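From first to last, the protein sequence lines stand for chains A and B. For reference, each letter of the first sequence is one residue, going 6 to 328 in the working numbering. For reference, each letter of the second sequence is one residue, going 5 to 287 in the working numbering.
No wet-lab data here; the hints were simulated from the structure. Here the structure is a predicted model, which is why all the values come from computation and not from measurement. Even glycine gets a Cβ: it sits at the ideal position worked out from N, Cα and C. Possibly wrong hints are sitting among the right ones.
[What the hints assert, rightly or not] Pulled a few chain A residues facing chain B out of the computed Cβ check, cut under 10 angstroms: (1) V229; (2) A231; (3) R243; (4) T322.
[Claimed, not checked] Non-contacting residues of chain B with respect to chain A, defined by C-beta distances greater than 10 angstroms in every case (computed): (5) Q29; (6) T40; (7) S82; (8) A84; (9) R135; (10) K152; (11) E176; (12) A188; (13) L255; (14) Q256.
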Amino acid sequence: MTAHVRSTDFVETSAGRLPATVAAIPVEVTPKAANDQGDGPVPAAHENTDQPTPRSRFAGLAEKSGEWLANIVPPLLVVLALGLIWEMAFSSPTASLPPPSKIWAEAKDLILDPFFVMGPQDIGLGLRVMTSLQRVAIGFGLAAIVGVLLGALVGQSVWAMRGLDPVFQVLRTVPPLAWLPISLAGFRDANPSAIFVIFITSIWPIIINTAVGIRNIPQDYRNVAAVLRLNQVEFFWRIMIPSAAPYIFTGLRIGIGLSWLAIVAAEMLTGGVGIGFFIWDAWNSSRLPDIVVALFYIGVVGFVLDRLVAFAGQIATRGTAAS
Amino acid sequence: MIAPVNPTLHTTSRNENRPFLKIDQVEKSFKRGKATTHVLRDINLVIERGQYVAVIGHSGCGKSTLLNIVAGLTNVSSGAVLLEDQEVSEPGPDRAVVFQNHSLLPWLTVYENVKLAVDKVFGATKSRAERHDWTIENLSLVHMTHAKDKRPGEISGGMKQRVGIARALAMEPKVLLLDEPFGALDALTRAHLQDSVMEIHARLGNTIIMITHDVDEAVLLSDRIVMMTNGPAATIGEDLRVELPRPRNRLQLVADPTYVRTREAVLKFLYERHKSPSLDTAA
Numbered sequence: 006m007t008a009h010v011r012s013t014d015f016v017e018t019s020a021g022r023l024p025a026t027v028a029a030i031p032v033e034v035t036p037k038a039a040n041d042q043g044d045g046p047v048p049a050a051h052e053n054t055d056q057p058t059p060r061s062r063f064a065g066l067a068e069k070s071g072e073w074l075a076n077i078v079p080p081l082l083v084v085l086a087l088g089l090i091w092e093m094a095f096s097s098p099t100a101s102l103p104p105p106s107k108i109w110a111e112a113k114d115l116i117l118d119p120f121f122v123m124g125p126q127d128i129g130l131g132l133r134v135m136t137s138l139q140r141v142a143i144g145f146g147l148a149a150i151v152g153v154l155l156g157a158l159v160g161q162s163v164w165a166m167r168g169l170d171p172v173f174q175v176l177r178t179v180p181p182l183a184w185l186p187i188s189l190a191g192f193r194d195a196n197p198s199a200i201f202v203i204f205i206t207s208i209w210p211i212i213i214n215t216a217v218g219i220r221n222i223p224q225d226y227r228n229v230a231a232v233l234r235l236n237q238v239e240f241f242w243r244i245m246i247p248s249a250a251p252y253i254f255t256g257l258r259i260g261i262g263l264s265w266l267a268i269v270a271a272e273m274l275t276g277g278v279g280i281g282f283f284i285w286d287a288w289n290s291s292r293l294p295d296i297v298v299a300l301f302y303i304g305v306v307g308f309v310l311d312r313l314v315a316f317a318g319q320i321a322t323r324g325t326a327a328s
Numbered sequence: 005m006i007a008p009v010n011p012t013l014h015t016t017s018r019n020e021n022r023p024f025l026k027i028d029q030v031e032k033s034f035k036r037g038k039a040t041t042h043v044l045r046d047i048n049l050v051i052e053r054g055q056y057v058a059v060i061g062h063s064g065c066g067k068s069t070l071l072n073i074v075a076g077l078t079n080v081s082s083g084a085v086l087l088e089d090q091e092v093s094e095p096g097p098d099r100a101v102v103f104q105n106h107s108l109l110p111w112l113t114v115y116e117n118v119k120l121a122v123d124k125v126f127g128a129t130k131s132r133a134e135r136h137d138w139t140i141e142n143l144s145l146v147h148m149t150h151a152k153d154k155r156p157g158e159i160s161g162g163m164k165q166r167v168g169i170a171r172a173l174a175m176e177p178k179v180l181l182l183d184e185p186f187g188a189l190d191a192l193t194r195a196h197l198q199d200s201v202m203e204i205h206a207r208l209g210n211t212i213i214m215i216t217h218d219v220d221e222a223v224l225l226s227d228r229i230v231m232m233t234n235g236p237a238a239t240i241g242e243d244l245r246v247e248l249p250r251p252r253n254r255l256q257l258v259a260d261p262t263y264v265r266t267r268e269a270v271l272k273f274l275y276e277r278h279k280s281p282s283l284d285t286a287a
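Okay, chain A solo, but in the shape it has when bound:
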């Protein structure tokens, strides 16, 4: 949902900035950008132009660099302005939080070298993020497989839906950390517990979106499958998954976001070398600048994860989105 809003906003701003070039191919820009999952309407609008006349190619090129600038400049300005306000607000010696200049001075090694190893507990943030990502990869990977299969079951069978849906609806409201004590008791180890928390947090949107996607498979496709006498396995791979792919990827995208939220919280409690524990550790030793740097890392990695899943979804659903 947010992605759609973002891309539409973008078209509006670029139209305001570059009325002439955008107006040259208005029909191609707007729907493609709206279809596009927000991953930059520039390549989409350019590649899918049906008749690459010299005029539209030139307009496309000018538009491309113009839109790139229009895309990059506003967030840069906002970040600069925010940094300036932050610096001014917290520059007094009695301030409770460190200003950017102090963070730079005290946590320079963390910022500049993400992959240093100074000892078993003293490693760069990049390596810590990798540890966390590994847990997310296992937990989220399992959630994706189990979630799609369960979602397919619930979407396909009325009885499975009647039986399972109420259970899912209750369980999905349980906050991630509430699962942790139970899972620690069950697994008797921190690492599998953290992975389980990721799994249980991210599986619900995957199940629910897959089920909705499968319930929405047009009757026409089911008729085609029936006439061709596709068996269950063929139906799953040839019809169900491609047809529900846009929904499945929406679920995966929400799921990956949730799992990144959950891992940081879970690691604060389970310890180890993950990025979440680093924040907890820095808090206990009053290293506030380190925490700010870690927050930045978490934000960037979360953003990249979201974009990766969105990108995978775009590639996987290029056919379905076109209809």
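Since the structure of chain A is already known, use the hints to place chain B on it.
Chain B in isolation, oriented as in the chain A frame:
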């Protein structure tokens, strides 16, 4: 009893004794709680091999339900459909359907859409190379080889319907079922596609059942026009032969007395004797 209408087809004496496709006393009703809606009743039809049958009627008369019953997508409430003495109970590629809204899978290319059907039907009997050739052959039958790598979203409505026809033909069905195949197309594209279907029918001699609400289309294409009365509980009102020689040309037919007479008979049936009850209120 009835001479084969398609002169290109030679039915053996063995086949003349038993019906090719027999719709026997079919009845269909839907139950919703205690209320029962009768959609079709007393449908009896014997269709010969190679015959092109048009089923015409006002919307809501259950003609699509009849087609779905022959396809096996809908079950009968009573009666039976027999194809070469085998009772039809489930859908299958021997009764391929061309759906009204083409029903191509949008994530597959034109070629892959047809290939999916070919692989499924001939996976065991044809080699990989043969299946490829057969896919291409059917695409060229509907003049769509040039767009074989395009996705359905990238081609026009008429082209999609061509691919739908190619997919159905590629299954080598015993009966080809067309569910208002040209309904969603503009008049020029429709005429073009009708000519294509006539050409394919002349070449391959398929048995075809076509649902339509277009009188001209029915008279132009078919050997026989089955007219449905209005629902609820619709049945066959009249069964008319179209005694026009093939190949037919739409321009020459306009003035042909047989064409005019047949067309008039169908129009009279539809708009005088079985005028749609909804037409009065809708207008």
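*asked:* Need the list of violated hint numbers for this structure, in ascending order.
replied: Hint check: nothing fails, all pass.
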